[in-house]
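Asks: Below are the chains, spelled out letter by letter.
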Amino acid sequence: MKFLAARRRNPFVASALLIGALVAVGGGYAAVASVQPAEAAMTVGSETQVEAGRQLYLEGCSSCHGLEAQGTQSGPTLIGVGAAAVNFQVSTGRMPLAGPGAQAPAVESVYSDEDVAAMAAYIATLAPGPAIPTAEQIDYADADVAFGGELFRINCSQCHQAAGQGGALTQGKYAPNIMQSSPQVIYEAMLTGPQSMPVFSDAQIPTEGKQAIIGYVRALQESPNPGGLSLGRFGPVTEGVFLATAIFAALIAAAVWIGIKSR
Amino acid sequence: MTSTSPVEKAGGATATYVDQRIGSNKFLARNLGKVFPDHWSFMLGEIALYSFIVVLLTGVFLTLFFKPSMVEVVYDGSYVPLKGIKMSEAYASSLDISFDIRGGLLLRQMHHWSALIFVAAMAGYSLPDDLLSGTGLQIARGIMQAAPIVGTWMAFLLFGGEFPGTDFISRLYGVHILLIPGLILALVTVHLMLVWTQKHTQFPGPGRTNDNVVGYPLLPVYMAKAGGFFFIVFGIVAFVGGLVTINPIWLFGPFTPDQVSAGSQPDWYIGFLDGALRMMPNWETVIFGWTISWNIMVPAMILPGILFTVLALYPFIEAWVTGDKGEHNLLDRPRNAPTRTGFGMMAITFYALLWIGGANDIIAVAFDLSINAITWFLRVAIFVIPPIVFWITRRTCLGLQRKDQEKLLHGYESGRVLRLPHGEFVEVHQPLSVKDLAVISSKTEHVPLPAPEKADADGVRNKHYKLQMRRHKLSSFFYKESYVRPTDEEIEAGQHHVAHDAELEAPLHAYEDADQINRAHGGVLHHPGMAETNAEQESQH
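Chain order of the listed sequences is A and B. Here the first sequence stands for residues 1 to 263, where the numbers follow the numbering used here. Here the second sequence stands for residues 264 to 804, where the numbers follow the numbering used here.
Warning: the hint list may mix true and false statements.
Listed below are several chain B residues computed to face chain A (Cβ distance under 7 Å; list not exhaustive) [unchecked claim]:
| # | residue |
| --- | --- |
| 1 | Trp303 |
| 2 | Ile348 |
| 3 | Leu394 |
| 4 | Gly516 |
| 5 | Val628 |
Which residues of chain A face chain B? A partial, calculated answer using Cβ under 8 Å [stated by the list, open to error]:
| # | residue |
| --- | --- |
| 6 | Ile79 |
| 7 | Gly167 |
| 8 | Ala168 |
| 9 | Pro226 |
| 10 | Gly228 |
| 11 | Glu239 |
| 12 | Ile247 |
Computed footprint of chain B on chain A; a stretch qualifies when at least three of its residues, placed anywhere within it, have a C-beta under 8 Å from a C-beta of chain B [what the hints assert, rightly or not]:
| # | stretch |
| --- | --- |
| 13 | 169-180 |
| 14 | 208-220 |
For the record, the hints were derived by calculation from the structure and aren't laboratory data. Where a beta carbon is used, it is the ideal one built from N, C-alpha and C, also for glycine.
All chains, please: the whole structure from these sequences, using the hints.
Replies: Below is the structure:
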């Protein structure tokens with residue numbers, strides 16, 4: 001005590017205290033703040049996976065999204081988009097973008113599942129974001145399909161069409177056909193709102209609602225066509241085309257045949 | 264007296280009885296022998312009639328199960344994805360017809376397909392009260408509301424208050440099963456009576472004039488053909504109804520005004536109006552706080568108004584412009600009425616462009632195009648392309664007329680090239696067949712109406728000068744460039760030429776027919792009076 005008491009009037013004391021306080025506050029904050037991303041990264045992948053993902057990112061993505069995923073003029077930042085967005089965009093082949101256009105089309109993915117998982121793990125370490133949905137989250141076995149249909153017609157059908165066949169948006173953009181989409185992809189799309197699609201967060205549609213929607217879409221995907229040939233489930237336009245081609249052709253052919261002069 | 268079977272006796276007795284009561288024998292004798300023109304295209308009208316009969320038959324079945332009510336019920340049928348959903352009774356009963364009533368879906372699909380063939384589904388589209396049909400109603404209501412002053416009240420009147428209300432389906436149902444079929448039946452009857460009293464039109468051909476009909480009698484030939492054709496049409500509709508989905512209402516879900524599906528389209532015959540609506544720029548004027556929605560009024564009210572008025576008046580307009588009020592039972596060949604054909608093609612093009620507009624979103628998705636680009640293309644094209652089509656069609660018709668002219672004068676080109684002894688090549692023309700000659704000479708000669716005089720011989724001013732002048736100009740536009748049929752002398756001269764060709768060719772046949780081929784002339788044809796050397800030929804000319 002004598003030691004401290006003797007030096008408490010020392011001109012350096014104020015500075016030392018200030019530095020000490022700053023270190024304590026800053027260090028404390030850093031310790032508290034780093035808890036979340038550290039946890040997220042832990043759940044997403046190991047260090048080697050993250051490193052592999054970073055390498056893949058640098059090779060395949062960084063030219064547009066930037067070396068630090070900070071975004072450039074040709075691509076948005078990926079900090080905070082979460083693993084779900086990476087999995088959605090890359091596993092459906094939308095990213096890497098094949099060429100400039102109104103919208104990234106879904107094509108065969110160039111990456112293996114492990115590669116996608118690695119990139120997702122890497123992006124997840126940058127900042128917290130929506131994680132890839134767990135098997136439990138996308139389990140629609142017990143979902144209320146009819147309720148899902150109601151949600152689908154309210155939230156989805158104005159763009160994706162009532163039967164999920166897709167529809168046009170402005171300037172060449174479009175809501176894609178979702179008849180081949182897996183439950184995981186549908187869930188991720190709702191969670192992350194890719195391209196023109198809005199985000200349907202858990203506050204808007206809770207997990208049970210999302211599961212119900214997936215259940216309804218699966219029902220659409222798997223349902224047979226009780227009426228016969230579906231004509232793409234597009235409604236009156238394809239019906240009209242079928243009428244104008246096949247039916248009228250058959251009727252006119254019959255008329256010609258009947259009308260042939262009897263000899 | 265020959266022995267007759269009991270059946271013949273009974274039939275004869277019945278016929279005699281009916282004849283005594285209503286004098287049917289005379290009527291039948293006169294009308295069963297009625298002649299129908301002999302061409303397959305006259306069967307096309309019957310397609311409409313027969314599909315209408317299918318509509319009626321299947322419609323009767325549907326009325327047994329359809330409940331035209333907007334009372335809210337909870338669905339409990341066998342289509343699982345809608346189980347437990349609240350919906351109108353109309354929609355629920357439509358689902359029941361589709362899934363729970365034996366043969367219901369087949370008959371519903373046959374009803375809709377045959378209605379599309381006949382263009383009679385208008386009201387039926389909205390009855391099932393599914394999301395698509397409700398969207399259609401919502402658009403119809405919007406169009407109604409766009410009418411100045413009365414629009415809102417009209418919509419209130421029709422829907423019994425705010426949209427969608429609880430009355431509309433039952434009101435529409437009455438219209439759909441009673442009013443419209445009644446009207447159509449009445450119109451079909453009028454049409455058949457007109458065909459009966461007036462004569463059938465027919466295509467030009469040998470022996471066909473404006474005063475006769477060449478073909479087969481109604482009984483037995485056309486009775487058999489038409490009867491058979493009915494079953495073919497019925498069969499095609501049943502086949503398609505059984506194998507091809509139409510209006511899958513279960514996919515659309517029940518209608519509520521706060522929902523809509525992408526790709527909502529009307530059936531094809533409304534498509535052109537929807538297209539006009541989609542193409543129209545978003546123009547509105549506000550006058551003293553009242554909004555005039557040009558964006559809806561122009562495409563959905565004014566345009567169809569003009570379209571149908573012109574369509575109905577066109578025959579009278581043309582009769583006035585051309586001064587041709589004669590009876591025409593012989594059909595004009597399209598080329599022989601170039602201006603009319605041009606107008607027709609222009610109208611078809613206009614209609615088709617509107618149609619494309621109606622499907623702009625489906626086209627955008629299917630062909631990876633921008634919907635905005637399609638809309639802007641159509642906004643320009645609707646004004647530019649139809650006139651171009653008019654011009655091309657008219658010039659094509661005139662060109663074909665000129666070709667006909669040439670055929671009349673010189674016969675047709677046989678495609679056989681003949682080398683004359685002096686080296687000249689000629690293509691042999693051959694005389695037209697009787698049929699071709701009849702078809703080509705069926706052209707009605709028209710000359711433009713003469714220009715009016717400003718005053719008559721006594722110097723009295725012509726009061727109608729301006730109107731007559733306008734008529735003269737329109738008439739000239741119609742007929743000015745048409746080719747006038749050559750005179751009989753000209754044709755005579757032309758036929759002479761054809762005969763000359765035949766004469767030229769005669770030695771060829773003689774040559775081919777000859778047993779011994781004379782090779783002295785190196786295979787060059789030779790016949791009396793023909794020059795053998797170029798010098799000789801020149802001296803002949």
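Asks: State the violated hints by number, sorted upward, taking the hints as numbered earlier in the document.
Replies: Hint check: 6 fails alone, others pass.
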